[in-house]
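Engineer: As a plain string of letters, each chain reads:
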Amino acid sequence: MPQEYKLLLKHADADGYSNDLECYERHGGYAALRQALTIAPAGDNTPQAQLRKRVLDSGLRGRGGAGFSCGLKWSFVRHPNPKPVYLICNADESEPGTFKDRQIIYKDPHQLIEGMIISCWANHVNLAYIYIRGEFTEGAKILNTALAEARAKGYLGKDILGSGHDLEIHVHRGAGAYICGEETGLIESLEGKRAYPRIKPPYFPAALGLYMCPTIVNNVETLCNVKHIVEMGAEAFTKLGTPNNTGTRLVSLSGDVKNPGYFEIETGKVTLGELIHDENFGGGLREGRMLQAVIPGGSSSKVLKAGEIFKLGEEEIALLDVPYDFDTLMKIGTMSGSGAIIVIDDSRDIVECLANLAEFYAHESCGQCTPCREGSLWMNKALHRMTHGEGRAEDADYLKHIAQNIQGRTICAFGEACAWPVLSFVEKFRDEFEAKAK
Amino acid sequence: MSFAPSKNLQQEVAELISHYPDGESRSASLMVLHAIQDEAGYISTEAMQWAAGEIGIKPLNLYELVTFYPMLREEQLGKFVLKVCRTLSCAMAGGKELHENLCNKLKLDPNAHGPQTTADGKFSIEFAECLASCGTGPVMMCNDDFHEAVTEAKANEILEGCK
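Line order of the protein sequences matches chains A and B. So for the first sequence, numbering that gives the first Met the number 0 puts the first residue at 0; every next one is plus one. So for the second sequence, numbering that gives the first Met the number 0 puts the first residue at 0; every next one is plus one.
So that you can see chain B by itself, here it is in the shape it has in the complex (with noise of 0.2 Å):
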């Protein structure tokens, strides 16, 4: 399979490639990664491998970062990517029961921690850490999307917008 980057992907690319000085575009690395899984879901080993010549990098050096940093995955994940806080303020105002519903809901496992995608592809959920809103926990996102002060009639909202 090989990865075939969009004419908006590339023209961005190149975009952030020139916010770093001469001879530093691997600055651009972290940027160019959440261009690819902003465009594409994910980051697939030939999408690592596109970029790396764009940003004139060995592959090797993108994958270090994708296996570094939890918000870059090599894996398809549902359409609606659901993130619950799990610390403290976040835990103390019902960030784990409102995981444990929105798992109970989608037919997912309450205590599994890391990212779990329904039958369907439609919906991927997994706790997340300090979202930095604690002030009005339990918060979430989906996808881009921030929810704050989730309750049960919020979360099934947030569920029943995701179309």
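Isolated chain A, as found in the complex (with noise of 0.2 Å):
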């Protein structure tokens, strides 16, 4: 039977957990910290650059969305680097279906802290930033509490535990923008602006970030992980997971499963139909429903319809045992995002789930890229039509036609965000957006 794999949760939902230091500490935190600071020189290389090198050979790859290689994302920056270098965690959790960053960060918030300490460590940062989504004010409040027990352990601030390292941290809270998870369109928000995503070239954060400085931006769940590659090692991290596809993964379940929430599973080591009908995990659909859909990897991934049977080279493989990871839902063209995943059964009107997605992605689209804010608006303006009487028999094609024109004409991610969802939907339940034609 499949099960959980609790690495990161370990402590966060036990009894008596707390989220304070020095119930972090009596369950072994900051031994990691300690561990990092006290790496030997190695000939040529610094404890700095064989921490890098570990999370690079962990394969730890990042957990907000993009899935790219964190150590080769720490790579792009320079070292010794004229400029100061600024490290940014993401914690503006916004993907619809996601809610597993939260849990850390309300939970367990020591542990992010640490791995941030230690990501700061290995990359030279003595300035850094926790980006928090503005409606976690209690969130950000746990936060600050926990930087102020850590200030006073002398885990942050001066010469962090006789290393000789400076770095703080401070907490900066968004204002109810998705955008600002792009990471571009974070660093305009931290420094003050709007969040219009940069254009990249030349704006890549690992060169021009934030205040035209290098700059790494990691999601939450990324940095926990990095403190536990330094206290397990890298190989042992490996082993965790699927080649390529190492460690685990928080996945957010929600939707039309008897038993929603957010589980813990070694990547690539349960499949989809175990997250949703496993009695360890979803537990199945409720009585008498069969399954329609699954949106695998947050709103923006692309849908995949039930019974659809995916070709990974010579091999079948039906959509039930799709492995879930990075790399094989990217092969079955979708993606597993921010690790979410909402199941619509067959009582659900496919159209309106769109039209929902539609009006979220209408009302986030930052407005700066011509295709991306009228297109977004058309699409929900056109879904609202049908889902309330007045489709036509062109506005299968016509969703189409205007998606396809958004994708790839964008400065940022968006665009595709907005797109995909709606090319999927039409494409694989084309029968259903026809029907609503008067």
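Hints may be right or wrong, so weigh each one.
[Said to hold, decoys possible] Keeping only pairs whose Cα atoms sit at most 16 Å apart, straight-line, the calculated EDC-like set for lysine to aspartate or glutamate is:
| no. | chain 1 | residue 1 | chain 2 | residue 2 |
| --- | --- | --- | --- | --- |
| 1 | A | K140 | B | E11 |
| 2 | A | K82 | B | E23 |
| 3 | A | K140 | B | D37 |
| 4 | A | K192 | B | E63 |
| 5 | B | K95 | A | E431 |
Honestly, the hints are just simulated from the structure, not real lab data.
Mind assembling these two chains? They're in different frames, but the hints should get you there.
Structural biologist: Below is the structure:
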């Protein structure tokens, strides 16, 4: 029977576990930081370079959505660097369907802070920020309290634990804009501006990030993993999960399952079907219901239709047998994104579901690029019309046409994020869309 | 009408500005606007003028934020602001019905989307986009308090708890 594997969430939900420093230390907290700070130089390799190598070797991939190698992302920053290097923790958890980072922030904030301190040390960072979404008011307070505790204990501030390294971390709150989850939009927002994403090139954060300085932006879950990589070693970390999909993943499961919630699994060791149906996870659909669709990686990922069979090279794989990892989901034409699965059963009007998401994207487009600003509104208007008895025969093609003219024509990936659901829903459920015509 | 910041707010703003490198005080803008809204309930033109002076930027630089970020507002809302999540997982769990019930109880328009306030100024209600708790929908916020799996009975309790 497939099981959870608790690495990041080992303590968070345990009886009697609290989010204060004393409790965290009692459970072995900040030992990884001490270990990291005492790595000896090896030949030409500084302790920091060794740490960065470990993270690269661990195969850790970003948990925010793109799944890009964390070690590789770090390697884009040159050292020594003539400019200050900044690190930002992206805690702007906003992708519809996702509620994993909040578990760590609220229940185990020191795990994140320890991961950040190690990452800052490894990348020669003296000033870092946690960019947390504005609605996590309580989360921001919890983090501020935890930071104050860490400061009082000498984990932050001048000369951390006698290492000679200075580090300060501050909490910066967003104010309700989804686009701040895009890393360059986040940087603009942190600079006190509207969160208009920057064009890449030239504004790759590793070169021209915060204040035009090299900047590393990592998701909450990614930074927590760094602590565990230090603790268990890169090799042991690669043994978790599957090749190229190492470690664990926090999965947010919502929608039409009996037992929605968040689960930690070894990446790729549990299938979509198990996540939905197994007693240890979703517990199956409600009585008498059949599966209609699965949104596998947050609302921006392409939808999968019940019963789909995918060709992977010579082999065929059924939807429910797809291992929940990064690579297989890419191969079947979608993505695991932020690890958020939304299950849709046959009681739902699939056009209504897409209309709901289209309204989200229309509301959240930052307005900088015309195709996205106008296109997201047009798609929303058309879908609103269709779900209010005003559908037209040409709507399916009309939606497709708009979406195709958004993707690839915008500064940031929001264009794809709003186009992909529309393209995939219309393609896979064309009949339902055509049935809306009067 | 001029803006009279409290001693606390003045201290908080100075502290917030100190969190950013020298010469980068503009970064404090969002945090300063949050602080103002937390104290005054909204962000007036005068408040923006005052804050811009503290930060060393133009009031326009703050106004463009207030008009961009959904959480920031230029008008006083009710004493208790209810935000009901509208996005997919919550909608599937009954978010729309929750919004409708609350509106009916408060004698407000269930079809309105943006913020609307009761005549006595006690409650405002609006839809919000995904509040990141999709496994326990429908969810809502009442001021800074977060509520999950809000049934009709629970919604009544929340309203009654607003004193």
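Engineer: Which earlier hints turn out false for this structure, listed by number in ascending order?
Structural biologist: 5
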